[in-house]
Structure formats: C-alpha cells, structure tokens
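First to last, the sequence lines map onto chains G and H. The number in our numbering is simply the position in the first sequence, starting from 1, with 2 added. The number in our numbering is simply the position in the second sequence, starting from 1, with 2 added.
Honestly, the hints are just simulated from the structure, not real lab data. As the structure is a computational prediction, the values presented were derived from the model and not from experiment. Hints are not guaranteed to be accurate.
Said to hold, decoys possible - Listed next, the stretches of chain H that the computed footprint assigns to chain G, with coverage defined by at least 3 CB atoms under 8 Å from CB atoms of chain G:
1. 161-167
2. 245-257
3. 324-330
We put the CB at the ideal spot given by N, CA and C, even for glycine.
For reference, the chains in residue letters:
Number of protein chains: 2
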Amino acid sequence: MSEHPLDPIFHPRGIAIVGLSSSPTARPTGFLAGLLDQGFDCERIYPVNPRASTIAGLRCYASVLDCPEPLDHVISIIPRAGAADLLAQCIERRVRSVHFFTAGFSEVGDPELAAAERAMVAQARAAGVRLVGPNCMGLYVPGAHVSWFSGAPREAGSVFALSQSGVNASAIVNGLVERGARFSKCISFGNAADVAAPELFDYAASDAETEAVVGYLESVRDGRALFEAVRRCARVKPTVLLKGGITDAGARAAQSHTGSLAGSAAVFAALCRQTGALQAESMEELLDLTVALTTQARRVRGRRTILIGIGGGFSVLSADAIARAGLDLPELPQHTQDALHEHVPAAGNSVRNPVDATFIDGPRQRVHDAALEILAEAPGFDAVIAAVDGPDAPPPDPPPVAGASGRRDRPEGVGGSELPATAPPPPVTAAAPPEPVPLVSAAFFGELQDRTGRPLLIVRRARDANRSNGFTVQAYRRGVAVFPSVPRAARAVAQLLAWHERRVGLPELT
Amino acid sequence: MSEHPLDPIFHPRGIAIVGLSSSPTARPTGFLAGLLDQGFDCERIYPVNPRASTIAGLRCYASVLDCPEPLDHVISIIPRAGAADLLAQCIERRVRSVHFFTAGFSEVGDPELAAAERAMVAQARAAGVRLVGPNCMGLYVPGAHVSWFSGAPREAGSVFALSQSGVNASAIVNGLVERGARFSKCISFGNAADVAAPELFDYAASDAETEAVVGYLESVRDGRALFEAVRRCARVKPTVLLKGGITDAGARAAQSHTGSLAGSAAVFAALCRQTGALQAESMEELLDLTVALTTQARRVRGRRTILIGIGGGFSVLSADAIARAGLDLPELPQHTQDALHEHVPAAGNSVRNPVDATFIDGPRQRVHDAALEILAEAPGFDAVIAAVDGPDAPPPDPPPVAGASGRRDRPEGVGGSELPATAPPPPVTAAAPPEPVPLVSAAFFGELQDRTGRPLLIVRRARDANRSNGFTVQAYRRGVAVFPSVPRAARAVAQLLAWHERRVGLPELT
Numbered sequence: 003m004s005e006h007p008l009d010p011i012f013h014p015r016g017i018a019i020v021g022l023s024s025s026p027t028a029r030p031t032g033f034l035a036g037l038l039d040q041g042f043d044c045e046r047i048y049p050v051n052p053r054a055s056t057i058a059g060l061r062c063y064a065s066v067l068d069c070p071e072p073l074d075h076v077i078s079i080i081p082r083a084g085a086a087d088l089l090a091q092c093i094e095r096r097v098r099s100v101h102f103f104t105a106g107f108s109e110v111g112d113p114e115l116a117a118a119e120r121a122m123v124a125q126a127r128a129a130g131v132r133l134v135g136p137n138c139m140g141l142y143v144p145g146a147h148v149s150w151f152s153g154a155p156r157e158a159g160s161v162f163a164l165s166q167s168g169v170n171a172s173a174i175v176n177g178l179v180e181r182g183a184r185f186s187k188c189i190s191f192g193n194a195a196d197v198a199a200p201e202l203f204d205y206a207a208s209d210a211e212t213e214a215v216v217g218y219l220e221s222v223r224d225g226r227a228l229f230e231a232v233r234r235c236a237r238v239k240p241t242v243l244l245k246g247g248i249t250d251a252g253a254r255a256a257q258s259h260t261g262s263l264a265g266s267a268a269v270f271a272a273l274c275r276q277t278g279a280l281q282a283e284s285m286e287e288l289l290d291l292t293v294a295l296t297t298q299a300r301r302v303r304g305r306r307t308i309l310i311g312i313g314g315g316f317s318v319l320s321a322d323a324i325a326r327a328g329l330d331l332p333e334l335p336q337h338t339q340d341a342l343h344e345h346v347p348a349a350g351n352s353v354r355n356p357v358d359a360t361f362i363d364g365p366r367q368r369v370h371d372a373a374l375e376i377l378a379e380a381p382g383f384d385a386v387i388a389a390v391d392g393p394d395a396p397p398p399d400p401p402p403v404a405g406a407s408g409r410r411d412r413p414e415g416v417g418g419s420e421l422p423a424t425a426p427p428p429p430v431t432a433a434a435p436p437e438p439v440p441l442v443s444a445a446f447f448g449e450l451q452d453r454t455g456r457p458l459l460i461v462r463r464a465r466d467a468n469r470s471n472g473f474t475v476q477a478y479r480r481g482v483a484v485f486p487s488v489p490r491a492a493r494a495v496a497q498l499l500a501w502h503e504r505r506v507g508l509p510e511l512t
Numbered sequence: 003m004s005e006h007p008l009d010p011i012f013h014p015r016g017i018a019i020v021g022l023s024s025s026p027t028a029r030p031t032g033f034l035a036g037l038l039d040q041g042f043d044c045e046r047i048y049p050v051n052p053r054a055s056t057i058a059g060l061r062c063y064a065s066v067l068d069c070p071e072p073l074d075h076v077i078s079i080i081p082r083a084g085a086a087d088l089l090a091q092c093i094e095r096r097v098r099s100v101h102f103f104t105a106g107f108s109e110v111g112d113p114e115l116a117a118a119e120r121a122m123v124a125q126a127r128a129a130g131v132r133l134v135g136p137n138c139m140g141l142y143v144p145g146a147h148v149s150w151f152s153g154a155p156r157e158a159g160s161v162f163a164l165s166q167s168g169v170n171a172s173a174i175v176n177g178l179v180e181r182g183a184r185f186s187k188c189i190s191f192g193n194a195a196d197v198a199a200p201e202l203f204d205y206a207a208s209d210a211e212t213e214a215v216v217g218y219l220e221s222v223r224d225g226r227a228l229f230e231a232v233r234r235c236a237r238v239k240p241t242v243l244l245k246g247g248i249t250d251a252g253a254r255a256a257q258s259h260t261g262s263l264a265g266s267a268a269v270f271a272a273l274c275r276q277t278g279a280l281q282a283e284s285m286e287e288l289l290d291l292t293v294a295l296t297t298q299a300r301r302v303r304g305r306r307t308i309l310i311g312i313g314g315g316f317s318v319l320s321a322d323a324i325a326r327a328g329l330d331l332p333e334l335p336q337h338t339q340d341a342l343h344e345h346v347p348a349a350g351n352s353v354r355n356p357v358d359a360t361f362i363d364g365p366r367q368r369v370h371d372a373a374l375e376i377l378a379e380a381p382g383f384d385a386v387i388a389a390v391d392g393p394d395a396p397p398p399d400p401p402p403v404a405g406a407s408g409r410r411d412r413p414e415g416v417g418g419s420e421l422p423a424t425a426p427p428p429p430v431t432a433a434a435p436p437e438p439v440p441l442v443s444a445a446f447f448g449e450l451q452d453r454t455g456r457p458l459l460i461v462r463r464a465r466d467a468n469r470s471n472g473f474t475v476q477a478y479r480r481g482v483a484v485f486p487s488v489p490r491a492a493r494a495v496a497q498l499l500a501w502h503e504r505r506v507g508l509p510e511l512t
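I would like the entire structure built from these sequences, with the hints used as guidance.
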C-alpha cells in the first residue's frame, strides 16, 4: 500500500522537543515523559535548549539544526514570539512535521495573530513541511512509541481518534482505555491551521490499523470538504462525531478555544445523517457509541430486548429507561418463563421481562448465570442487557477451553431474590469458612455471546467496578460491551439501530 | 407537638427479629447487623427462634410472646406461610408495628395471596397494630439507632426518604450519603398494604426533624389521597418524587415487584406539577435535585449563569450542555473581564464566559481562585458553575475564621492554561522540593458563597474525587452543592427554576 501523505507524521523516527526547561532534572514531565513512557528510542529524542547540555539525562542540543539524524518531527513548546524562527529552522533542516503546542494565534481573536498563523502555514506548505496545531497536544501513537502524556497504554488497538481539543482528546483516550478500547492513532490538532479534519478522515479511512474512527470537532472551515471526507470514511468504517460549539454559548467558547467559527446544530446533524456517521451529543455518548461499535453490540439489528436486572426497583426504573430509549421489552414466551422458573423463585421476582434473577449473597446480588444462559438462547430477541453485581474474576481470564466456560470458583448457588418469600430466610450469620463469592467473569460472557450469537450488553455500575477495571477491559477483549448504566446501554443500542436504518445501501460494517 | 400516629414506628424501644437462622454465629448480617451497627441497645434486640438459645451472642426467644418489655416493633423474615400466625401473636402481645420483609403476597399476582394480604391488614388495623410492607426493607432511622443495613451513617440529618422498593431505598440512601446528605427517617414500604405513601407524606410534612422529602413510588392506589398528601407536604417542604413503572414495560415490572398498578406518565407529571413537587425522571435526577434543594443551590432564581471550566474543549461542551438545559451564559461585563485578565493569561483562555481560568500544575489543573472570587461578585448573575480539579484539602476543614478563608497550603500560583502561549513553557522536571499542590477546599467555597450570597455549584468529576468523598461531604456541610458533571448541575438548576415558577403563590421554601 502506498504511503499516505500524513503517514510520516504518525511514524516519526526521531523527535526534537524545543523549549524544554533546563532546570535541574528530577523526573521528566510533559511530552518528554510521554515519549520515554512509551519506550521511544531515547537516542532519538533530542531535547533542544541552548542553555543546557543534558535534560533528564538526555544529550541536549542548542537548536534543531544541531540535532543528529534522523529528525522527522519537532514538538514546539516555546513562546509564540519564537515560533516563526523555529519554523524557518525546521524547514532548513527538512523535518517532515512540526507540532506547535505553542498557542496564541488565531484563537486569540486578533487579526494580526491569525495572519501570522496563515503565513506560517503558507511557508511550511511551500517547503513540504506539515504543521500540527498550533494550540494542541499532538500525537498519541502507541505503535510508534509516541504519546503526549504518561500512563497511556503501549498496546496498540484499532480506534483512530481525532480531536481539536487537547482536553477532549485526553477525555476520549482515558475514557475509552478504561472501557477496554485501544488506539491505532490519536491526534489533537488544535487550530487545524494545516493538518485538518478532512485529511485526517481520509487517512483514517485508508489506514490498515484502524477499524473505527472517532472525532471531536469545533471548527468546520470547509463544510463541503468535511462532508465528502466523512462520507468516504463512514462508508467503510464506523465513524462517531461529536461537535462542540453547537449552541451560541458553546460557539463563543469554541471561538476563543481553537479560533473556530462553529456551524449550527442542524447543519452538523444533517452532515452526520447524510454521510452515514453517528452523531454523539456528549462525551459520554461518544464513549458509549465507540464501545458499542467495536464490540459485538454492533450486531444488534432489532428492538426486541431482554433485561435481566439486579433487583425489583432497579429493574422497574431500567425498564422505563429502555422503553424511553425506544426499545421493546416483549414478554418472554411461556416455555422460556418455565425454564427460568427452575432457577428463579417466583416471589419478589419476575420471569416475564424484565427478569429479576438475583439473589442475596451477603450484601451482594448477582445475575443468576443459568438464567442468563436461558435468555441468551431465547428465540426471537435481538439483545440481552444484563446488570451484574459482585466482584470481578481475577484478570486475565484463563484461555477459554472448547466447550467449557473457563470459569472458576462458581458454586451452584440456590436461587433467591431481594425479597424472598417462601424461600428460607437469608442466613443471619456468616458460616466459617465463608461460602465462596460468585465472580463476574468476562470469559463466561464472551463464551456465551460467541456460542449463541446474541449480543450481550453488560451493565456494571461504577460503585461495583473495581479500580483496575479488570472486568470491563477483559470483557471488551472478548467482544462484550460494558456500560455504566442501563439507560446508557439502551440509548447506545437505539442510536446504533437508527444508524443502521440510515445506512441502507451502504456497505455492511461487520 | 402531639404525636403523629406513625411516630411510634419510627421510634421503637424494643425490636424482635423473627426467623433468624440458628446456625453457628460468626458475625451477624442483615437486619440484626444493621441494628447493632447503629448502636441500638442490644438488651432490647430480641432474636426469635425456638431452636436456639443465643444468636450472635444475644439471648434468643422462642416466640414474640416470650420477649421481655419493651417490645414495640417486630421484623418478620419468616416464610409467608407463617405470617398470619406471627401477626396474631404480635396482636396478642400488643406490639405497635410489624415489618414484613416476608414477601409472596399481592406482588405475585395470585388473587388468593392478595386476599391474604388484605385480611392481615384488616386484622392488624382492628387491633391498632401497623404493618410495614410486606415485601420491603423497612426502616433506617439513625436517630432511633435502626437500620436495615450495616454501614449507614449513625449521624442523623434532615432528609426524609420513602421508597416502595428496597433496592431503590438503598440507592437513595447510599447515593445521597456520598453526596453529603444525612437522613431524618427512611422507610422502604414495599406493597404498601397498610402504611402507604399518603400517610408518610403527611408524617414527613409535620416531622420537625425533616426539611426535605424524597420519594420513590410504584403504585398509586388512591390517586386523590396521594395528590392531597403530596400537596400538603410540598407546600411546606421541598418534595422530590420519582415514579417507577411509567412506561408499559416498567409498569409490568412494577406489578410483579410490588403488586402495583402503575398510572400513566402524564397523570404523574400532572400530579407533580399541580402539587408543587419536583418530578425526577431517573435516580440520578432524584439525587441531584435533593442535593440542590438542601444546599444554597436552592436559592438560584434566574438563568444568568457563569461557567468557570477546566479547559478548552471541556468548557465548549459544558457551555453547549448549559445552553441545552435552558440556562444562559451571558458575556461578562468588560470590567469583570479586565479584572480577570490580571489573573488569567489571554492565549488559550477566555474571560468572556465561559471562563477558562485554569493552569497546568503538573498533570493537574484547577480553577484559579482569584478568578472565582471575581466571578462570585460579578453583578447581575444568578449562579456560578465551577468545575474544579486537584486533590482534596484534608477533611475536616478547620472552622472558618471571620474575614479569612481558613485555607492552607495555597501558594500564589502564576496563571497559566492548558495551552500556554506567550507564558513560559511548562516545567519539564519536578523541582525538589516540589511546589505544594493546590488543594480543593470546601471551606473556601463555603466562605465565598456565604460572603457573596451567590450560589456556587461545584462540579467534581468522578475520577478526580477521592474515594472518601471528603470534599463533597465537607462542601455539602457548608451548604455548597457538588455535582459529578456540568450537564447534571445545569439540569438540576433548570428544574429548580421551573419548579420555582410553578410555586408562585405557595410559601417560599428558604
């Protein structure tokens, strides 16, 4: 495959950081820390500061002209006043790209500063140097060992993220990483003076490492170019867009943030509708839609939903939320109800739909797994939303054994409910040794979803998730989508269904 | 004040628990653990089980007839088959109330079981014994040392919560406790066979310990009685209602949960509108509205809002969310912008509204406090929504000193931004000793709100909150409302404003 014009930006062989402080080195922070944290070859990281000989243990150079080969990419964190001179040096040195973290250009609202930005772009383009920014965080490309921050996974994935805002770029990365997703490339491109959204959508569409595309945009400088690029991209890859500055107040904020002149909400909604992209209305929705699109949840093709819940009132409110989202909760067929009754006590429970297949297990409740197996196989339904409680199985899960669930430490529990009736009263004392606690196992859900072909949407409330998000990440790897609430899971499914309906005639994205 | 008929239920002097397991005692769980955890006098807790002499170290009795004085309240966790006999014993013993955790009555959908429930109610009423439930968790009354679960605060507060669902009762208690609120009384009353919502609203309205009332309802058995009781309650105390079973799917769930025949969404919305109650559409909204109503946020009287944000793209999306909620973000007057400019660098920031008064502090950003002081005093605005980052100040905060903020460890920070421009580049290395980290202090916000009279709504994203919720709880005690996101804060304010408009002519709730 021939190299895309933007490809070098995402694969720099050597990087200079210009403007690093020369203060005594305790531990590196910022961009330098991001590169070291990702394992970028430290022989090819070139700190530039004329007043230091080493920074963070790395040899320091007086200017980009003094850096050794190879030097492909320059990160500028110097004040604006020096930006034009730095660009001239970069051109002389024939670098491939310059990322200006440096801000203070068109976003300030001063015509002279906007003109200075335009002049720099013209100069760079004439010399074949690409500009990222100004006023942005730049690159996170795990496969190239590049990151604008420490703590990002080194592991690469299939999501391409583009965001004008640095804060929102980080919100996308952090928010999706804890949901289990990993990235092919992320780019925060600020004022979009040179590298801008249309070219990035085209790059993502052609990038073999990218399977889904997610974008946060503020400006729409060339609406026609954006429309065409999003259409080309969304035709072949699931594409989620969030537009900031969609209200008057938001537009004012966007203008001072990235110098963007925001378009109207209606225009952007039409762009998404007509291009086959998915429109998110908030950062939460962007995360939820991306999770749904990159797991088996994307295969949901109808509204007939089963809800298996944590308990009475929780299920009532969840059923309301599912119905409000536009999904159906049809009553289960009698034979399914009969099968459930073998596992679920009648009183205080329902086996009609929603299903309350929970029992008190000390302070915890969990979905009764036998019930979940029955529901995943019930004919005529499109998806199962299952709210689960209880501690995670220890990650990583063991490799699945063919024909077995790979689960451990799961006693045969006696069915029970929040409110037992004819069942024996709950135990008042903890026996010694305590009964093993049932574990929520990603391997079980993954195996069940694979075997039945029925998309599972697991709801794991934030207070139940352990801090490592072990279950959520493991589930995602098994193709199982996990959401923090029933309303958010239901809304994501409803949005995907509407999107599928609009995409009739476009290639199927499987 | 004369005693309300329900008052004895909330202040039992002696409690029997019938149906406790006699298995060897390691540590108590369930209702017994709740009472012990609250410090209920263990000489007045009477386990009942004919096959045990002690349970959890407490003397055990063969029946309620054998328990010593005083015995006001009986908790039944026996199977349904024994419920009628137990009630007969309770009547003979002249207890004041029986709480049937025992389920399996009208919620099952069997006419005979519903008739059995009605017969028990008739029998109890004739004898002057009140029934709580069946099919519920019963009481959490910290002032009376009663709780259905361990870990609830012993500290009492001013919120009265009533919920047919036990799961949702716990969601209300846990959700509000971590937001800082404390309770006068909570009751989970399940099928509402005897003690039901209308009487509870009347009780709450007259209860001197209660300042706000929050309810989760499934059934509306006597719409007129409920309407009149809510109207009497909402007239004198802020009242928040959440109705489960408001869709067809939710209604089916509610019917099998508490045997409730749900009314339509429109009818319930009208009830809230006409009685002066606030309607929540989800558990999250119920929590947010209760926090807003029990802090100085309840004093917001107009839409002119100031947003002070964490950073560029975050502020853009937050401004969109505030505008969508129906609030205004008018541009700040020039003299306020000028005052802000002394503290906030121009580039990458806005001082118009929203205000991005943040700076990079290692990996953290925080609201610049000088800017917040200016904004809290800006004339012509109704509220300030401030998103804050950074670690909590150590709770508890010191008592405020008159004329001083009571804050500690707050260096004079140099203004900065997510994306500095003409400002010096961010430090690359951590100097030794590290610069003291600015702390997010509840005392500062409380003092500022008290001094200026301007309601502050603090937004603290979940990932920033420490696990003890120290800041959130301390802020609540200072009358400062804390929300987990800008959209939720904005929505709560908008709902309160609509509620105020509807309440014209009713008593002012200050």
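Status of each hint after checking the structure:
For the segment 161-167 of chain H, the proposed coverage by chain G is satisfied: 3 residues have a C-beta within less than 8 Å of a C-beta in that chain, meeting the threshold of three. Given a C-beta distance limit of less than 8 Å, the hint that chain G covers the segment 245-257 of chain H holds, as 10 residues qualify and 3 suffice. Residues of the segment 324-330 of chain H with a Cβ under 8 Å from some Cβ of chain G number 4, which satisfies the need for three, so the listed coverage holds.
The structure agrees with every numbered hint stated previously.
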